[in-house]
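Okay, here's what each chain looks like letter by letter:
Number of protein chains: 4
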Amino acid sequence: MAKGKPPYVAVCGSGEATEQEEAWAEEVGRLIAEAGAVLVCGGLGGVMDAAAKGCEAAGGVSIGILPGEGRGAANPHLTVSIPTGLGEARNALVVRAADAVIAIGGEFGTLSEIALGLKLGKPVVGLHTWELAKGGTPVDAIVRVTTPEEAVRAALEATTVEN
Amino acid sequence: MAKGKPPYVAVCGSGEATEQEEAWAEEVGRLIAEAGAVLVCGGLGGVMDAAAKGCEAAGGVSIGILPGEGRGAANPHLTVSIPTGLGEARNALVVRAADAVIAIGGEFGTLSEIALGLKLGKPVVGLHTWELAKGGTPVDAIVRVTTPEEAVRAALEATTVEN
Amino acid sequence: MAKGKPPYVAVCGSGEATEQEEAWAEEVGRLIAEAGAVLVCGGLGGVMDAAAKGCEAAGGVSIGILPGEGRGAANPHLTVSIPTGLGEARNALVVRAADAVIAIGGEFGTLSEIALGLKLGKPVVGLHTWELAKGGTPVDAIVRVTTPEEAVRAALEATTVEN
Amino acid sequence: MAKGKPPYVAVCGSGEATEQEEAWAEEVGRLIAEAGAVLVCGGLGGVMDAAAKGCEAAGGVSIGILPGEGRGAANPHLTVSIPTGLGEARNALVVRAADAVIAIGGEFGTLSEIALGLKLGKPVVGLHTWELAKGGTPVDAIVRVTTPEEAVRAALEATTVEN
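Chains as they are written, first to last, in our numbering: chain D, 373 to 535; chain U, 373 to 535; chain Y, 373 to 535; chain P, 373 to 535.
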């Protein structure tokens, strides 16, 4: 990886994802690596595994921030993995470590990462992910995209790297 | 407080709430205390302050789990306050400490608590709070209620106290 | 509990303590309650159980900050218990929640709480606990006492309540 | 970095270290990299900076697990840095992420990492670091060494990589 101060981009999604979601995640991981950014994820399977796989294939650096106490649950494509032992509280660390967040599909864990990202003021980009509303009115806090290319471009454009 | 093993109910909402939300929260806090349950909240202002105030007025026990490193930010109505120094990662602890979660209105922090509650399999009751959807289809994971009485009743009925 | 802003005192020690340590802990818990202070501990057995028992007997308020995900492991004498799901990282929270720390005997977990207390600038009082040295020279950062009465007096005198 | 499953070794020490400690840390970092292991540290200055510098010079991979909310405080030699926002509670994560811990000199933060490492059952190697005793009797839980070479050899020999 070229030294300097690369942006960090989190990729969030379900540990049991659809084939389509995994294909998007792999492409997102590849594009993050090609842009010279660092990939952050929750370190497990599904979208996290696919994103790390795409990143690895393009020679990029990826970090898995795991909920459990050991590295045994880490997917095999990560450059490094950090077993936090914090359980779901680790979702806050995934988001905190990132300059921008890309959510792909996802279940309640992903929703918590979207919410924490927005709470922390991080750009959150969504690819077929959760839709939010209050009192029947949509809340458009997530940058909606429809392709992996748009997702990575939007994440990197929105990122002011804090270094 | 009567000994035994009371349920713990988290009340989540914005630190800068509307008058209506604060009125609901105060009533929810009072009803939690009257039911002999323990109130858990994030310890700050707005909905958290109002819920603790209602709990205090009814002679109940409340716990504030604070994001910062000191008790100085705690609202004055709490029985005890725990400064975690974890920042927004403390939202996971608010939810984990509870047997059921009541969300009143709320912003992105509340959304993260709803999501973490659902992820952890806790009953989540919503009073004029976030609405969730995927692909245009509502996701009805939150028990919707319209009054404080219904909120507390739904939370307590759904609770299997783990003790 | 009388309102106002009581100091919080952590009592740290082994989950499998000697009879002597448990007797000291129970007396420390009683004295903390009689002083109107709040007892904080790790919520489990041994010294933690005995301290909470003494606190309860004197009508005091105690908080157990648990490492696991449920309240099931909490000792039965606590006023409230908080299951953090953070594992040993919860030791930092026990210390952070307190204005002063009393260590009674103890193993490596207690040593970590002593160290974190000193790192955070909290007064740390030791009753037959760890002795520290560097290069053969004792490091006298712990206030050494020999009785529960001295321990609680030293902890409360050293405390500047941050409220 | 050669793929496979390298051991992770934490290097702990003061953020304001002596020249001698920094020289040891740099050599320890270099030897960890040459052994194909991953260096974990707290990400700040002093011993942490020197260890990461040595690791970088030998082409190794290093991870900084930071206490604050941003990467700005990270030393410039790290491969990746993770701002946890957990304050001193991050010390538990530094130790948890490692298969073995090397302590070089150090103050109370380092002592907490030694204690947490021992609590978690990790091998802890000490180079001119804290000495522990109870009741006047030394507690020999730390593997004592006198050179960086011995430190890294002892850490790697004691490591059963959990992967």
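Derived from the structure by calculation, the hints contain no laboratory data.
Cβ atoms here follow ideal geometry from the backbone N, Cα and C, with glycine treated the same way.
One thing to keep in mind: the hints can contain errors.
As the list claims (entries may be wrong) - Derived coverage of chain U by chain D (criterion: at least 3 residues anywhere in the stretch with Cβ under 8 Å from a Cβ of chain D; other residues may be distant):
#1 461-473
#2 486-494
What the hints assert, rightly or not - In silico BS3-like cross-links for lysine-lysine, where the CA-CA straight-line distance does not exceed 25 Å:
#3 LYS425(D) x LYS377(P)
#4 LYS377(P) x LYS491(Y)
#5 LYS494(Y) x LYS377(P)
#6 LYS425(D) x LYS491(D)
#7 LYS506(Y) x LYS377(P)
#8 LYS377(U) x LYS506(Y)
#9 LYS377(U) x LYS491(D)
#10 LYS494(D) x LYS491(U)
Evaluated hints:
With a threshold of 8 Å between beta carbons, the proposed coverage of the region 461-473 of chain U by chain D holds, since 5 of its residues qualify and at least three are required. Coverage of a stretch by a chain is defined here by at least three residues with a beta carbon nearer than 8 Å to that chain's beta carbons; for the region 486-494 of chain U and chain D the count is 6, and the condition holds. Restraint check: the Cα-Cα separation between LYS425(D) and LYS377(P) comes to about 16 Å, which is no more than 25 Å; the hinted pair holds. Using a Cα cut-off of 25 Å, the hinted pair LYS377(P) and LYS491(Y) is violated, with the two alpha carbons roughly 34 Å apart.
Among the hinted pairs, LYS494(Y) with LYS377(P) is inconsistent with the structure: their alpha-carbon atoms are about 41 Å apart, more than 25 Å. In summary, the hint linking LYS425(D) to LYS491(D) is not supported, as the alpha carbons are separated by about 29 Å, beyond the 25 Å threshold. Pair hint LYS506(Y) plus LYS377(P) does not hold up; C-alpha atoms about 36 Å apart against a cutoff of 25 Å. The hinted pair formed by LYS377(U) and LYS506(Y) fails the criterion: a straight-line CA distance of about 47 Å is larger than 25 Å.
Using a Cα cut-off of 25 Å, the hinted pair LYS377(U) and LYS491(D) is violated, with the two alpha carbons roughly 34 Å apart. This hinted pair checks out: LYS494(D) and LYS491(U) have alpha carbons roughly 22 Å apart, not beyond 25 Å.
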